[in-house]
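Following the hints, complete the assembly by docking chain B onto the known chain A.
The listed protein sequences derive, respectively, from chains A and B.
Under full-length UniProt numbering, the first residue of the first sequence carries the number 1, and numbering increases by one thereafter.
Under full-length UniProt numbering, the first residue of the second sequence carries the number 1, and numbering increases by one thereafter.
Take these hints with a grain of salt, some might be off.
Partner residues are not named here, just some residues of chain A that face chain B (Cβ under 10 angstroms, in silico) [stated by the list, open to error]:
#	residue
1	Gly24
2	Phe27
3	Asp79
4	Leu129
5	Arg152
Negatives, chain B to chain A, calculated, CB over 12 angstroms [stated by the list, open to error]:
#	residue
6	Ile43
7	Lys45
8	Ala47
9	Cys48
10	Asp60
11	Phe79
12	Gly80
13	Leu87
14	Ala104
15	Lys113
16	Ala199
17	Ser256
For the record, the hints were derived by calculation from the structure and aren't laboratory data.
Being a predicted model, the structure only gives us computed values, none of them experimental.
Each residue gets a CB set at the ideal place from its N, CA and C atoms; glycine is no exception.
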Amino acid sequence: MVTTDEKGPLTAKKKSVIIRSCDGDEFLVSESAAVLSTSLKKILEEKEDRLIHLSDIDNKTLAMVIAYLSTHADDGLSDDLKRSFDQEFVSGKEFDVLKYLVLATDTLQVTCLCYTVAKKMADIMKNKLVEWVRREFDIQNDYTPEAEAEIRRLDAWAWDDRQLEDD
Amino acid sequence: MGAGFSGLVNNNSVIEYPSKPGLGDLPESCIALVLSRLDPSEICKLACVNNTFREASLSDVVWESKLPENHHILVKKLFGVACLKALSKKEIFDRLSHPIRFAADTKEVWLDKSRGGVSVAISWKGLKITGIDDRRYWTHISSHESRFQTIAYLQQIWWLEIEGKLEFEFPVGTYSVFFRLHLGRASKGLGGRRIICDAEKIHGWDIKPVKFQLESSNGHHAISQCFLDGQGKWLHHHVGDFVVENSSIPTTLKFSMAQIDCTHTKGGLCLDSVFIFPSRQSRN
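Only chain A is shown next, with the shape it has when bound in the complex (with noise of 0.2 angstroms):
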C-alpha cells in the first residue's frame, strides 16, 4: 500500500506514465499532463502501476487525447493559445472521430475536451432533420410508428417552425 500526501505524491514530482491503447500501441506521457483526466488521475493515485492499458481506446484517439492533454499541461502556453488550440482541434474532424473522441473523453473523463467535442458534433446535427440524422449516423429507429407519433405530439412545437409572437 502506497501512502501518500494530501496531493497525492504524483503532482509534486515529474514522472511519466505509459498508457496503451487498445491495439497494444503504448504512449510515454508525463503525469502531470496525465492527471488532468480524472479517471487517470484516480488510477495513479491509487495505483503504483506506471502503464496503463485502455482496452477500448484505439491507438488514432489516444494519440489525439493525449496530445489535447499535454498542450493543456505546458504552463508556457497562455490560456489564449490553449484556446485556439481547441478549436483547430476538432474543425475538419470526421464525425466517427469526434464520436470516438467523446466516448474517449468521457471515460477518461476529460471534461474540457469532452465538451468542446459535443459542441462539435451539436454543431453538425443542427437544423437536420431526424430521418437525416439516423440515416448518416447509423442509427436504428426503435419507435413504433405510434410511438414515435407520440413524441412529437408531447412537444408538438419544437416542430412548429412560425417563431411565436406574442400579439
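Frame of chain A; chain B shown alone:
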C-alpha cells in the same frame, strides 16, 4: 460523465467501455452531452431519433443550461417548494414556458422556449389607473386580442395617468418595458372581419405627447415622450430599459404613462397590458 467508471477498472488498470459503437450505441450520457449544446427545439426534435436519444433528451444535464440561473427561486415562487425536488429540469422548462398567472391573475410570466429569457406581462387590471371605475371615462371590454382576454377602453378624459409596480426575481440580463396600446376600438364586423369602430373618438394625442417613465430599484431611470399615432393596430410603446445583475433578489420596477395637460381631453385609446421582455428580442 464517467458514471460507474470505477467499476470498469480492473486490477490491471484496464479501462473498458461496452462494445464499439455506431452512433446509436453511444451511451446515453454522451448523447446527452451533445444534445445539451443544442437549442431546446432541436433537442425535442432529436428525441425522435430513437429511444436512447429520447432518454438522453430528458436528462437534467441537457436542460439545466436552458433554464434561467435563478430557476430555483422562480419555481419556489410560482409552483411551491415541493415542485423543486419533484420535477425534472425538463419538466421545469415545460412548466415555465407556459404562461403562469400570479398576483390574482393580473400578471403573467413565461420562459421563451426558443430564445430563452423570462418575460412578464401585467394586465391593466394590475395597474393603477385614474378614473378606471368611472364609466364616463373608461370601459372594460372582453377581447380575444389580449392575453388576459380583457382590455380597458378610454372614451375620453382630461387627466390620463396609469401607474404600475412590479417586484420580481428577474434572471440576469437587460430588459425593456412596453405599454401595449391601440388607438381606436377594434371589434368584429360581419364575417368576423376586424374593424375599427368609433374612429372619430380618437382625439387629443397629437396636441401634447404622452410621458412614459420607468424606475428600477437598482438605479435605472428612463423618461420618454411620444405622440401616439398609428390607429387600428396594437403597438408596443417603449418606456425604457433596465439591467439585472443579481437574480437572487427581487428587482422592483415602477412604471407609468401620463398625459395630464388639462387644457384638452384625449380619448379613443385601448390599453391592454405592460410587457417586460428581455431586450435582445426585437419588437415591433
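We went through each hint and held it up to the structure:
1. Gly24: 13 angstroms, violated
2. Phe27: 14 angstroms, violated
3. Asp79: 21 angstroms, violated
4. Leu129: 8 angstroms, holds
5. Arg152: With Cβ-Cβ at 6 angstroms, under 10 angstroms, it holds.
6. Ile43: Check fails; 8 angstroms does not lie beyond 12 angstroms.
7. Lys45: With a cut-off of 12 angstroms, lysine 45 of chain B comes too close to chain A, as the shortest Cβ separation is near 5 angstroms.
8. Ala47: 6 angstroms, violated
9. Cys48: 5 angstroms, violated
10. Asp60: 16 angstroms, holds
11. Phe79: 20 angstroms, holds
12. Gly80: 24 angstroms, holds
13. Leu87: 16 angstroms, holds
14. Ala104: Correct as stated: the minimum Cβ-Cβ distance to chain A is 21 angstroms, above 12 angstroms.
15. Lys113: About 6 angstroms separates lysine 113 of chain B from the closest Cβ of chain A, which leaves it inside 12 angstroms; violated.
16. Ala199: 21 angstroms, holds
17. Ser256: The assertion about serine 256 of chain B holds, with a minimum of 22 angstroms to chain A.
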